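Asks: So the chains spell out like this:
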Amino acid sequence: MSTMLLDAGHSAIQVIPISWYVTFSAVLFGMGVLGVLYRRNAIIILMCIEMMLNAVNLLLVAFSAQHSDPRAQVFVFFVMAVAAAEVAVGLAILMIIYRNTKTTDIDALNKLKG
Amino acid sequence: MIQLAWLIPVLPLLGFAIIGLGGKKLSKGQISLVGCGSVLLAFLLSLGIFFQLHGQSEVVKVASWFATGRLSVDFSFLIDPLSVLFMLIITGVGFLIHLYSTGYMHDDDGYHRFFSYMNLFVFFMLLLVMGSNYILMFVGWEGVGLCSYLLIGFWFKNTEYNNAAKKAFIVNRIGDLGFLLGMILIYVTFKSLDFSVVFKGVHDNAYNQSIYNTIGILLFIGACGKSAQIPLYTWLPDAMAGPTPVSALIHAATMVTSGIYMITRSSVIFINAPVASEVVALIGVLTAVFAATIGLFQNDIKKVLAYSTVSQLGYMFLGLGVGAFTGGVFHVMTHAFFKALLFLCAGSVIHAMSGEQDIRRMGGLKKALPITHLTFLIGTLAISGLPPFSGFFSKDEILGHVYEHEGSGKLYWVLGVIGSMLTAFYMFRLYFLTFHGKFRGTHEQEHHLHESPKSMTVPLMILAGLAAVAGFLGIPNAHQHLLYNFLEPGYGYAKTWIEGPSHFGGEELKLMLIAIASAGAAIYLAFMIYRKNNVLPKEKEEDMPKIQRVIFHKYYVDEFYDAVIRKPLDWLSEMFYKFFELKFIDGIVNGIGSGVKWMGSMARYVQTGSIGFYLFAMSLAVMLIFMIKFF
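Line by line, the protein sequences are chains A and B.
Under this note's numbering, the residue at position 69 of the first sequence is numbered 69, and the numbers go up by one with no gaps.
Under this note's numbering, the residue at position 517 of the second sequence is numbered 1517, and the numbers go up by one with no gaps.
Honestly, the hints are just simulated from the structure, not real lab data.
Check the hints yourself; a few may be wrong.
To be verified - To list a few chain A residues with every Cβ distance to chain B over 12 Å, as calculated:
#: 1; residue: Pro-17
#: 2; residue: Ile-18
#: 3; residue: Ser-19
#: 4; residue: Val-22
#: 5; residue: Phe-24
#: 6; residue: Ser-64
#: 7; residue: Ala-65
#: 8; residue: Ala-72
#: 9; residue: Phe-77
#: 10; residue: Ala-83
#: 11; residue: Ala-88
#: 12; residue: Leu-91
#: 13; residue: Tyr-98
#: 14; residue: Lys-102
To be verified - Here chain A is said to cover these stretches of chain B; the calculated rule only asks that three of the stretch's residues, wherever they fall, bring their Cβ under 8 Å from a Cβ of chain A:
#: 15; region: 1603-1612
#: 16; region: 1615-1624
As the list claims (entries may be wrong) - Below, computed lysine-lysine pairings styled on DSSO-like, alpha-carbon distance capped at 27 Å:
#: 17; chain 1: B; residue 1: Lys-1597; chain 2: A; residue 2: Lys-113
#: 18; chain 1: B; residue 1: Lys-1567; chain 2: B; residue 2: Lys-1166
#: 19; chain 1: B; residue 1: Lys-1166; chain 2: B; residue 2: Lys-1578
#: 20; chain 1: B; residue 1: Lys-1167; chain 2: B; residue 2: Lys-1303
#: 21; chain 1: B; residue 1: Lys-1597; chain 2: A; residue 2: Lys-111
#: 22; chain 1: B; residue 1: Lys-1200; chain 2: B; residue 2: Lys-1303
If you're wondering where the values come from, they're calculated on a predicted model, not measured in any experiment.
Backbone N, C-alpha and C define an ideal beta-carbon position, used for all residues, glycine too.
With the rest of the complex left out, here is chain A (with noise of 0.2 Å):
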């Protein structure tokens, strides 16, 4: 069955129903914005902010692949660049912390305050 379809023209991703996609990415997600609201650990924070991202690309390239509209994955490359930044930056600014405070615990990190 599988093999008919794919020779029908479809790709895999295609097979599965785009509502599964969405489901999974919503979950991926609300597990990240959870994640960032109740651990206090700042590198599992930005792993969380990680996975916030990685579920929004899985949805742009599922949906990619469901429109045969290829626009959709330069968006994932871009939001994979940004976040390849933006993890160098993080990791350099924790690893300061981390040196001057010997900690990662964001509560730590209260002296500036009005």
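Keeping the supplied structure of chain A fixed, place chain B upon it in accordance with the hints.
Replies: The following block gives chain B in isolation, referenced to the frame of chain A:
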């Protein structure tokens, strides 16, 4: 040659640049050479143009200055008989005064500063009379005002002198506002400020008299400021604080006559503005008599001359007001000669007296200063209006036309003759007190008395020659009135309206004889009082009769202005400072400041320092944005 006219103002400007930039690096000889040379060259060029000019008027365009909307202004010079005559006076008398200054200012520390200002003045003055539109004239007008300010306050270490300079500048600004408003009205009416366009416009719409009256009066307010007429004359006597050559050049011969030039240039407007002309004549005659009476009891040699300048300018305006434009310009010319001469003589006297200006301390200077004495006498005779000296011809030309003027002409004539009697009296009072009788100064001054150097006496002699014979340019007869024949083509549209030369004979002759007789009587009176009986001006105020005391204090006009204008203004600005500035403006400014501070103090609580809270707030806000956007 005429196309080279642009060089004439440029030469003094170059002189100003060289002396101004060179400053103390130049030697006195170099400064004198550049300063006098540039003006002399300008004079020679003007002379060349004079000989090539045969009544035509040419516009020499140098560059287009600016064009915005419908207004376009050219940097161009108008060369016609009127402007050439003024150019000759400015550069000719200007050169002589520059030459004189090399002697007079020789020991002054600000030698280079003095000559750079003087050259700058000559530049602006030439711009004023050569500009072919009102804008360029206005540039020159403001420029000479600036130079006047700089030169009155030349000895800037003296606060009095600085105040005099400021007074001159501020009073002139009042007049300048009138000039500016007049210019704006001209532009609104004719959509141009070019002389040729404006005058053609006036000629084509001669019926529109009410607007010409307004323009004329506004322009005359400007002339009142610059040419020291009632009510704006008070700055001129104070302007004597400047060095004496400055008084001769700026405050006697040239700058103060720019008002007369402006009105003569705008003659087309004024002949179509009977009310404005009447105002000009009235103010002129009032100033002539009023200033002459003040001159009667002044004891400062330069102050007497200053009031006589105000008075003579009044005569010129009287002439312009009754349509005798040639007479007015004629008097500008002769006045430039004899008044510059008188001021330079006064400078020579002051020089000899080591800075003393009070005529009560002088006397008997005839022996020590023979050349100064003789030239001063010629100048005095000229200003008193005795034939054959120049003042007689020009004053008579004006008074003749005044007499023929319809309406109040006869009254003006009587006032004019009274004024010229007063002039003759106070000028001879000055002459006798200065040069005759016994010397009344200190022993030291007497020892120091000396005739001035050649550089000072030569200009005196030249000017004395001119003051003696210049009158023959205007012999009152149609065919022999050289000046009228020269100027007449330049009047353009106004030609048919402007009064021709006065006639010689009949009633005219009678008037002339009356004027001469009254001047002679005044001189005789002065002789009897100050020479024969050796009466001296009172030292103490208490000894004077009441009226004399009032006049001695110049009718308290300065005090009056002080009380009526300055004090209320001071009070008003004080009130504005106290209430408007301190309460209102400061309230707004400080209110904004403290408001921002208060908002900051409230908003700082948002910044808790807890990163978790920030992240929560951010997520919440993003969600809110989406909810608002999509639901």
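Asks: Now tell me if each hint is right for this structure.
Replies: How the hints compare with the structure:
{"no.": "1", "hint": "Pro-17", "in the structure": "holds (23 Å)"}
{"no.": "2", "hint": "Ile-18", "in the structure": "holds (20 Å)"}
{"no.": "3", "hint": "Ser-19", "in the structure": "holds (19 Å)"}
{"no.": "4", "hint": "Val-22", "in the structure": "holds (15 Å)"}
{"no.": "5", "hint": "Phe-24", "in the structure": "holds (20 Å)"}
{"no.": "6", "hint": "Ser-64", "in the structure": "holds (23 Å)"}
{"no.": "7", "hint": "Ala-65", "in the structure": "holds (25 Å)"}
{"no.": "8", "hint": "Ala-72", "in the structure": "holds (20 Å)"}
{"no.": "9", "hint": "Phe-77", "in the structure": "holds (24 Å)"}
{"no.": "10", "hint": "Ala-83", "in the structure": "holds (18 Å)"}
{"no.": "11", "hint": "Ala-88", "in the structure": "holds (20 Å)"}
{"no.": "12", "hint": "Leu-91", "in the structure": "holds (16 Å)"}
{"no.": "13", "hint": "Tyr-98", "in the structure": "holds (15 Å)"}
{"no.": "14", "hint": "Lys-102", "in the structure": "holds (17 Å)"}
{"no.": "15", "hint": "1603-1612", "in the structure": "holds (count 10)"}
{"no.": "16", "hint": "1615-1624", "in the structure": "holds (count 3)"}
{"no.": "17", "hint": "B/Lys-1597 with A/Lys-113", "in the structure": "holds (17 Å)"}
{"no.": "18", "hint": "B/Lys-1567 with B/Lys-1166", "in the structure": "holds (17 Å)"}
{"no.": "19", "hint": "B/Lys-1166 with B/Lys-1578", "in the structure": "holds (26 Å)"}
{"no.": "20", "hint": "B/Lys-1167 with B/Lys-1303", "in the structure": "holds (16 Å)"}
{"no.": "21", "hint": "B/Lys-1597 with A/Lys-111", "in the structure": "holds (22 Å)"}
{"no.": "22", "hint": "B/Lys-1200 with B/Lys-1303", "in the structure": "violated (43 Å)"}
The structure shown violates just one earlier hint, number 22.
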